[in-house]
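Fit chain B to the given chain A structure using the hints.
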Amino acid sequence: MTKKPWVWVDHACCVGNAMCVATAPGVFVHNAARQSEVIDPDGDRFEKILEAAANCPTGAIHVVDPQTGEQLFPKAY
Amino acid sequence: MTIADLDDLFDSDVNADPHAYFGRLRETEPVHWNERFKLWVVTGYEEVVWLLRHHEYFSSAVIKTTTEPPYPPVNPEDVSLFDTVRQFRAEQLVEKDRPEHLEMRQVVHAYFTPTGMQRWRPFVRNAVTELLDEIAPRGRMNALTDFAAALPVRVIAQMMGVPFEDREYLRELADKILWANRGEPYRLQPLTAGMQGLIDYCTPLVEQRQAHGTDDFISVLVGGEKTGVFTRYQVLVNTALLLFAGHETTMNLICNGLLAFIRHPDQWDRLRADPDGLARLATEECMRYDPPVKSTQRVAAQDVELGGKTIRKGERVRWIMASANRDPTVFEEPDRFDIGRQPNPHLSFGSGIHYCLGATLARVEGQEVFRGLAERFSRFTLDTDELEYQPSLQFRSLKSLPVSWKGES
Chain A
497 MTKKPWVWVD HACCVGNAMC VATAPGVFVH NAARQSEVID PDGDRFEKIL EAAANCPTGA
557 IHVVDPQTGE QLFPKAY
Chain B
752 MTIADLDDLF DSDVNADPHA YFGRLRETEP VHWNERFKLW VVTGYEEVVW LLRHHEYFSS
812 AVIKTTTEPP YPPVNPEDVS LFDTVRQFRA EQLVEKDRPE HLEMRQVVHA YFTPTGMQRW
872 RPFVRNAVTE LLDEIAPRGR MNALTDFAAA LPVRVIAQMM GVPFEDREYL RELADKILWA
932 NRGEPYRLQP LTAGMQGLID YCTPLVEQRQ AHGTDDFISV LVGGEKTGVF TRYQVLVNTA
992 LLLFAGHETT MNLICNGLLA FIRHPDQWDR LRADPDGLAR LATEECMRYD PPVKSTQRVA
1052 AQDVELGGKT IRKGERVRWI MASANRDPTV FEEPDRFDIG RQPNPHLSFG SGIHYCLGAT
1112 LARVEGQEVF RGLAERFSRF TLDTDELEYQ PSLQFRSLKS LPVSWKGES
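Protein chains in written order, with the numbering used here: chain A, 497 to 573; chain B, 752 to 1160.
Simulated from the structure, these hints should not be mistaken for laboratory data. Source: prediction; values computed, not measured. Just to be clear, a hint being listed does not mean it is correct.
A few chain B positions that, by computed beta-carbon distances, are all more than 10 Å from chain A [claimed, not checked]: (1) 804; (2) 856; (3) 874; (4) 935.
Here are some, though not all, of the chain A residues that point toward chain B, as calculated from beta-carbon distances under 10 Å [stated by the list, open to error]: (5) 505; (6) 515; (7) 552; (8) 555; (9) 562; (10) 565.
Every residue, glycine too, gets a C-beta built ideally from N, C-alpha and C.
Chain A extracted, bound-state conformation:
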């Protein structure tokens, strides 16, 4: 079984606001449809990935704690 990646972008939600690309450019890039994609989960510090996820205007960035498996983003309301 393939392990689910711990950071990924939900393309049903991503509106291409590109704040994540500005915040953590080593991790997120825009694809041809101008939606974000994870190019390298280790491309920036973990805090930068959390900042990008917290600041996503549509909550499209999913982050799971790599150690515990707990979902950190998007937060449930």
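Relative to the frame of chain A, chain B by itself:
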């Protein structure tokens, strides 16, 4: 509806029913050159998304780069006031391109994210309850002025950190700023008075925050001034932007949504059966079905192909979210008001780098309003046969929405 001249964007029939007119354009020519007003009209979903995600081709600095006179026309003696309005608006975030836009947006972005906005839900819920407690015994209201206009000003006043006793004055200023979206030829008088009043009112607030920062929105902008991203003038005009953008649009969301529910009683009953569970999806459908903002503009920054047409540098492009939201290639039965619709990728908050900064706040307000109304009122009756809209290409704004009800339930 038949329209003699398909390029007459300001025809009263178009204003009354934009969905029929723009829907016809979308079916025949989703990227259309309007010869009469010399601008492109983009109505297809795919084309609108492409346009919004390619900000390098489509500049948001429309006010700076175009010299169109105000429309509908204003009194000749007021024409110079239009320059004041242009100068004011040109420094707002919505009119900025990269790289300036990114720097400015990074200052204010975190305040408005889903994480940041959830702390406002209890305040919004409480404000809805207070307003409805006051209104409910009357049995009738003008939903526009009594309810829809009052709520967002309360919320924004709190965000700005305005003292309680100043709230009525802020509401007066906010009402003057709303003249931006009216058609009367003297409208620039109250509008510019409101703009100046807001600058005068906010200047000491900004100075206080320079000395002692708080956690309010003006302090966030002042932080941007301290790091050199915002000038003092930009702090002031962007405070005004918050007040206007959060006021007019939320009013329209509440009124257009309430009207849709009145016209679709089956959907109202559905919401009433499960207000907590359905408020979120219902708000999205209200946003899609009759959006607060019908359309917005860009200006081509270079020659670009869109939908098989060549748009030349400097040409204005108006994109119609009201029409993209009813594109049958994306939405099944797009003309049906269905509050359970999912997914619902409407474009009412735009897309790309200018995606509505206040989207989460608008969502929280819409959810709390429709939930609050559905929990208390079994049925609203429309107390007029003639609904009128402000003559605006941009906003879908009712002039008035008189409704009544029989008791609470």
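message: Flag every earlier hint the structure violates by its number, smallest first.
response: 1, 2, 5, 9, 10
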